[in-house]
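Colleague: Listed below, chain by chain, are the residues.
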Amino acid sequence: MPISRRDLLKGAGAAAATLSLLPDPALAHGEEMEGDTHGAESESQRVRRWVMVIDLRACDGCVGLGVPPQCTQGCNWARFVPEGQQWIEVYALEQGHLEGIGSHFMPAPCMQCQNAPCVNVCPVGATFHAPEGTVLIDQERCIGCRLCMAACPYDRRFFNWGEPVQPPQVRSAPYDVLTQVPAIEGTVMKCDFCTDRMSAGGLPTCVEMCPRGAIYVGDLEEGIATNGRRMASMESLMSENGVGRYKEELGTEPRVYYIPGHGQDAATDGGASEAFAGWESPGGGLMKDRLEWPWRRITDELAKLEAIPAASEAAMGDG
Amino acid sequence: MVDVLQRSTPAEPSADLLEETALAPLRRTGPGYYLLILVLLGLVGLGAYAYSIQLRRGLAVTGMAATADKVMWGLYITNFVFFIGISHAGTLISAMLRISKAGWRTPITRMAEFITVVALLVGALFPIFDLGRPDRMLNVIEYGRWPSPILWDFFAISTYLVGSVLYLYLPLIPDLATCRDRLAGSLSRRKAWFYRTLSLGWTGSSEQKRNLAAALGVMMIVIIFVAVSVHTVVSWIFAMTLRTGWNTAVFGIYFVAGAIFSGIATLIIVMAVLRRAYHLERYITVRQFVNLGYLLAALAMIMLYFNVSELVTAGYKLEGSAPIYLGQIFTGSFAPMYWFYIFAGLLLPGLVMLFRRTRTIMVVVITAILVDVSMWLERFIIVVASLRVPQMPYPDPARYFPTWIELAISGGSLALFALLIAIFVKVFPVLSIWEIREHEETLLAPTALSVPAPIGRPSVADVIGP
Chain D
1 MPISRRDLLK GAGAAAATLS LLPDPALAHG EEMEGDTHGA ESESQRVRRW VMVIDLRACD
61 GCVGLGVPPQ CTQGCNWARF VPEGQQWIEV YALEQGHLEG IGSHFMPAPC MQCQNAPCVN
121 VCPVGATFHA PEGTVLIDQE RCIGCRLCMA ACPYDRRFFN WGEPVQPPQV RSAPYDVLTQ
181 VPAIEGTVMK CDFCTDRMSA GGLPTCVEMC PRGAIYVGDL EEGIATNGRR MASMESLMSE
241 NGVGRYKEEL GTEPRVYYIP GHGQDAATDG GASEAFAGWE SPGGGLMKDR LEWPWRRITD
301 ELAKLEAIPA ASEAAMGDG
Chain W
1 MVDVLQRSTP AEPSADLLEE TALAPLRRTG PGYYLLILVL LGLVGLGAYA YSIQLRRGLA
61 VTGMAATADK VMWGLYITNF VFFIGISHAG TLISAMLRIS KAGWRTPITR MAEFITVVAL
121 LVGALFPIFD LGRPDRMLNV IEYGRWPSPI LWDFFAISTY LVGSVLYLYL PLIPDLATCR
181 DRLAGSLSRR KAWFYRTLSL GWTGSSEQKR NLAAALGVMM IVIIFVAVSV HTVVSWIFAM
241 TLRTGWNTAV FGIYFVAGAI FSGIATLIIV MAVLRRAYHL ERYITVRQFV NLGYLLAALA
301 MIMLYFNVSE LVTAGYKLEG SAPIYLGQIF TGSFAPMYWF YIFAGLLLPG LVMLFRRTRT
361 IMVVVITAIL VDVSMWLERF IIVVASLRVP QMPYPDPARY FPTWIELAIS GGSLALFALL
421 IAIFVKVFPV LSIWEIREHE ETLLAPTALS VPAPIGRPSV ADVIGP
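The listed protein sequences correspond, in order, to chains D and W. Its first residue numbered 1, the first sequence is counted upward by one per residue in our numbering. Its first residue numbered 1, the second sequence is counted upward by one per residue in our numbering.
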């Protein structure tokens with residue numbers, strides 16, 4: 001029952017809010033509260049308002065480390081992302097799509113828009129705003145019309161065209177709307193800000209996996225954010241020069257902010273030469289082609305392991 | 001006047017001849033017909049087989065799956081827009097001509113109206129073919145949300161279907177009574193029951209005629225509003241997004257015009273086929289073709305105007321991804337289709353209607369075929385070219401090639417369209433007998449009044465006068 005699932009989410013959000021670490025609600029000025037958050041409610045029922053702040057000064061697309069983008073890779077592993085989908089994808093911008101900066105890398109998770117085109121167009125309410133403001137998908141209700149994908153201006157939605165390949169344990173798990181596991185054929189998936197992990201006090205996988213500490217996740221309600229290494233007030237992050245949201249002009253009101261940069265902070269810790277060598281190659285040297293979705297391999301290996309006792313039994317039977 | 005005269009020259013047998021001609025397909029069926037049905041059934045079967053594969057293996061068997069989620073709509077949505085478009089053949093054209101009392105419409109309204117119903121039935125299948133979870137189709141009713149354009153479409157199309165069936169059925173009633181009476185001896189019991197039930201006890205009394213006229217009067221107005229709303233909301237599926245190429249206010253009216261345009265073209269083609277197959281030359285003359293040809297030319301100019309309006313305003317500013325979008329249709333991979341659409345689909349219909357020499361049935365029919373092909377290409381460009389425009393900074397736009405599954409399902413559906421028409425003409429009179437008769441009578445009426453009217457049909461001398 002999707003309704004009860006939604007009630008559950010509200011409950012989870014409220015529980016997380018009660019456990020808040022910092023009592024002082026530093027604020028994010030100008031952030032519009034949306035209709036389904038409970039702004040008027042008492043402090044004990046305060047609901048998180050998750051945002052991400054991605055510091056492009058620290059992001060070199062993992063080119064300097066000679067590895068594929070670790071945010072994407074970590075997400076793939078932790079969320080059992082079906083083959084080929086990149087819920088958070090790192091793009092190389094040659095001319096700079098954010099104003100006033102040169103070439104840079106840009107990790108793009110789902111923007112969790114407040115005026116979300118995908119939520120607006122869904123015919124069955126399968127994609128919806130959680131109380132914390134994130135956009136989730138109920139894959140048990142989705143009819144697979146893909147209008148949300150057509151509507152998303154950030155290409156951040158992915159479709160399970162065929163039967164998704166995932167490890168057998170994942171396939172047989174009961175469906176959970178918060179983790180989108182197991183993936184369901186003929187439905188849409190996307191980054192969910194790891195809402196489940198955050199409700200439990202953890203961090204989104206991409207934040208944990210980023211070797212440069214470039215991705216901050218924060219709560220506008222508390223006014224704090226962390227990249228897993230240090231805490232920062234939302235106020236200080238938002239006062240960095242030129243903080244902006246991608247395609248702000250569309251009016252989608254994303255919950256992902258970018259601090260402009262071109263990986264300059266990442267380059268200083270050792271990978272400078274490789275990083276700059278990367279600029280020359282197409283795609284800025286990003287190693288997205290080395291990303292892995294090991295599910296097919298794992299499934300095959302498990303099948304082999306299962307086959308062994310059967311084979312030996314058969315052999316014993318022969319003897 | 002001239003062809004009215006020609007038509008009524010053999011004076012007396014005119015009415016019987018009309019009934020004979022209209023009922024002939026219901027009486028006799030040649031071997032060619034069965035062969036055609038067999039071929040069409042084969043094609044429909046191939047489509048059904050392809051769909052069964054898709055049901056088993058998911059949309060992974062389509063070309064869309066190979067585009068990394070970029071071109072998430074392809075042939076199915078193209079066909080959906082195309083078939084809903086040609087459904088405007090009917091109803092809208094027949095209603096507009098009925099309102100304007102264009103007498104020449106009478107031999108073609110029936111065809112126009114059943115093209116509408118059949119095209120809607122086939123068109124409405126495509127969103128289902130396109131669904132990732134057709135098994136959850138009814139969620140649209142159970143959980144439907146009004147803010148979604150898909151819901152608007154769902155209700156607009158179902159309203160239109162009900163309306164068009166009614167609008168087809170109402171003028172059929174007198175003709176069904178004719179079938180009931182004239183075919184009486186030759187019908188099986190089930191068929192006799194069928195015509196008796198559907199003709200609702202029509203006797204042609206003046207009260208019944210008044211009621212029918214009143215009902216038609218309401219329906220022909222209502223159906224125009226419904227038809228316009230249908231293609232407007234079909235366009236809004238696209239125009240309610242932020243994509244380059246779709247995000248434009250012109251889309252609603254552009255789609256409505258395109259729908260009427262391709263509807264007229266389809267009507268001309270169906271007219272030509274049925275005219276040849278069932279010897280309707282006496283009723284469907286060069287006049288119907290040329291008049292529809294003029295309508296086609298007018299719509300072509302309107303379409304051209306929308307193209308210019310849309311592309312000049314986008315091309316002048318070159319905002320955002322507009323250069324990529326315009327590049328691919330003007331000179332890029334969609335250019336051959338686009339220029340075919342402009343020259344063969346829009347300029348040619350205007351051109352051929354300018355000259356007396358080219359205002360012939362043959363030329364109009366060929367033009368109509370070219371228009372339908374171009375309008376399908378135009379729908380394809382609208383769907384796929386916009387989706388190919390990168391929204392994120394990746395270097396190579398996705399390439400979409402339909403697989404044989406998509407082609408087979410599309411071909412099968414076209415065959416289903418033809419099959420349903422073929423079945424229709426064997427069950428219902430292909431001409432609107434009573435309307436043609438009424439029209440002939442009104443044409444003859446004024447002279448009939450001035451001369452002491454003979455009972456029965458006026459002679460040629462009455463029409464010309466002293």
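It should be emphasised that the hints constitute simulated quantities derived from the structure, not laboratory data. Warning: the hint list may mix true and false statements.
What the hints assert, rightly or not - When the alpha-carbon atoms are kept at most 30 Å apart in a straight line, the in silico DSBU-like pairs for lysine-lysine are as follows:
id, chain 1, residue 1, chain 2, residue 2
1, D, 247, D, 304
2, W, 70, W, 317
3, W, 209, W, 70
4, W, 101, W, 209
5, W, 191, W, 426
6, W, 191, D, 288
7, W, 191, W, 209
8, W, 191, D, 247
9, W, 317, D, 247
Colleague: Against the earlier hints, flag every one the structure doesn't satisfy and list their numbers going up.
Modeller: Violated: hints 1, 3, 6, 8.
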